[in-house]
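*Asks:* Listed below, chain by chain, are the residues.
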Amino acid sequence: MGKIVAVTGNEAVANALRQANPDVCSLYPITPQTDIVQRFSSFVSNGVVDTELINAESEHSAMSAAIGAAAAGGRVITATSSQGLALMWEMLHIASGMNLPIVMPLVNRALSAPLNIHGDHSDGMGARDTGWIQLWSENAQEAYDNTIMAFRIAEHKDLRLPAMVCMDGFIISHSIERMEYLDDQPVKDFIGPYEQVNPLLDLQHPKSFGPLILTDLYHEYKRLQHEIIGRAKNIVLQVSDEFAKLSGRKYGLFESYRLEDAEVALVVLNSAAGTSKDVVDAMRDKGIKAGLLKPRLFRPFPYEEVGSALRHLKAVCVLDRADSYGGYGPMFMEISSAIYQAAGTGSGPRLVNKIYGLGGRDYMPEDAGKVLVELDAIAKGASVKAVKEYIGVRE
Amino acid sequence: MSEIFEIRWHGRGGQGTVTAAKVLADACLSGGRYVQAFPEYGPERAGAPLRAYNRISEKELRLHCPVTHPKVISIVDATLLDSMNVAEGALDDAIFLVNTSRDASDIRKVLKAKDGQKVFTIDATAIALAEIGRALPNSPMLGAVARVTGLVGLDHLVEEVRKSFGKKFSEKIITGNVKAVERGYKEVTEG
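In the order they appear, the protein sequences are chains S and B.
If you count by the working numbering, then the first sequence holds residues 1 to 395, one letter each, in order.
If you count by the working numbering, then the second sequence holds residues 1001 to 1191, one letter each, in order.
One or more of the hints may lead you astray.
[Unchecked claim] Mimicking EDC-like on lysine to aspartate or glutamate, the simulated pairs with C-alpha atoms at most 16 Å apart in a straight line are: (1) B:Lys1059 / S:Glu374; (2) S:Lys388 / S:Glu374; (3) B:Lys1112 / S:Asp285; (4) B:Lys1071 / B:Asp1092; (5) S:Lys370 / S:Asp281.
Derived from the structure by calculation, the hints contain no laboratory data.
As the structure is a computational prediction, the values presented were derived from the model and not from experiment.
Given the sequences, and given the hints that come with them, work out the whole structure.
*Replies:* Put into structure tokens, the structure is as follows:
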């Protein structure tokens, strides 16, 4: 069986990457992710993995090298945060457009300006439309488990798409928590050997990657990308079922917490979901029928499943740790769409959007408590004062 | 232990406060407990005030936010008593532990401790200078925290310190730290 340890989120993810033993790791350091590639570099130096390490001169180059190595036929990893992901942006589209199953932990951090190193989801949400699969993680355990599963999901023969695994910068990446490492061999058996698909280095069978496609077939190519990434839902469920047999830990497309008989609920990603669950319990004790939905697979987004999990509620607050200036928060837009399609116009829960925790502003139990009390009032007939509001703000 | 046991550490950069919180978390893993150890990240400079936190619980820990109502407040640098309110949010039955050569009863007055609150002192810097040769008060503080909280026994803590320091330091440094932990455990006094 596994080993119970007290480690940081970064250490946990670095060990998942070690167990996957990739062929190539291209890297460029950036806070708060640096610790992952630093640890992984030690694994390479100490000979505990067979990985070829490429120290790139920027994140743009790190992703470019990852694309080259994955097209050549290797299992490839990199990791980044914030500005690093932003600098990779054009290459992210190329990785997905070429069907290259690169696995990349993303340690979520705010974007400049102003400069800020702390955790929020602006980076990951900005990569929403890049064609990457996104898995989000509440704590070190989930980040570790998701990283292991990401290889199986990304490399699945019906998918072959890059995947990023998100966790909160500092709050998870640099905090020590109890979690369980699985033993190396069962993880290696679970991930399995890398299966090449159309490797560029197979010189007997020459092929083209990234050719010019104009008005004749580009449109069809993009439709195909949408269809293919949609397969990820079932693959995520299959891989998660298999992982549950290995680890005893069950994962779905999202986590439902006390939702079935709830009247009001929070929708919230990552570490804030943990804090919120304790508050949901406290509110239940006070007679407020609270619940919570924590998305895990954000791309592709499971609209129907999320919609049917939330449609019976009276009021829902979507908490966003990222913003769209002049728009609603990114998660709110998804949840609104999901509920509208599931419940139809004029019915379904009342919806509000709260922006919280930008640039690492603490999200406290009191914040969740206030929101749930407000939702309870809305459920009982109070009017919605503002659809979108910022909470935890210093006035 | 039915609820979450929360500790707040106050120190200055370079005193090993974050390491102390980490070693305590490791030591408290025994018996199937859940643990957390995390610092508050600010500008990381030697000498700058910093806070670190521990949570220890029999149940899974899901909170991911700073500790605002600590059961234990461990003050690794007593000069912080003059520059901030270290007692902020302390529970009515909180335990204060202060690294100082002053009397615990004096410190009790400085802290304006309530009746239900306990105040302990330990001259951790003097112990560190004697046993390690450097003003690194974290090891004696760790021993004292173990004693005043009863979270972990001395033998087990010493084992953890050996494991944790063994990766990086010479036997001489490890032995010094172990002695410092033991003295912290034994010499802590209540005011």
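*Asks:* So, for every hint listed, does it hold in this structure?
*Replies:* Going through the hints against the structure:
1. Pair hint Lys1059 of chain B plus Glu374 of chain S does not hold up; C-alpha atoms about 29 Å apart against a cutoff of 16 Å.
2. In summary, the hint linking Lys388 of chain S to Glu374 of chain S is supported, as the alpha carbons are separated by about 13 Å, within the 16 Å threshold.
3. For the hint linking Lys1112 of chain B to Asp285 of chain S, the alpha-carbon distance of about 35 Å lies beyond 16 Å, and the restraint is violated.
4. Pair hint Lys1071 of chain B plus Asp1092 of chain B holds up; C-alpha atoms about 8 Å apart against a cutoff of 16 Å.
5. For the proposed pair Lys370 of chain S and Asp281 of chain S, the alpha carbon gap of about 14 Å is at most 16 Å, so the pair holds.
In the structure shown, a violation is registered for the earlier hints numbered 1, 3, in ascending order.
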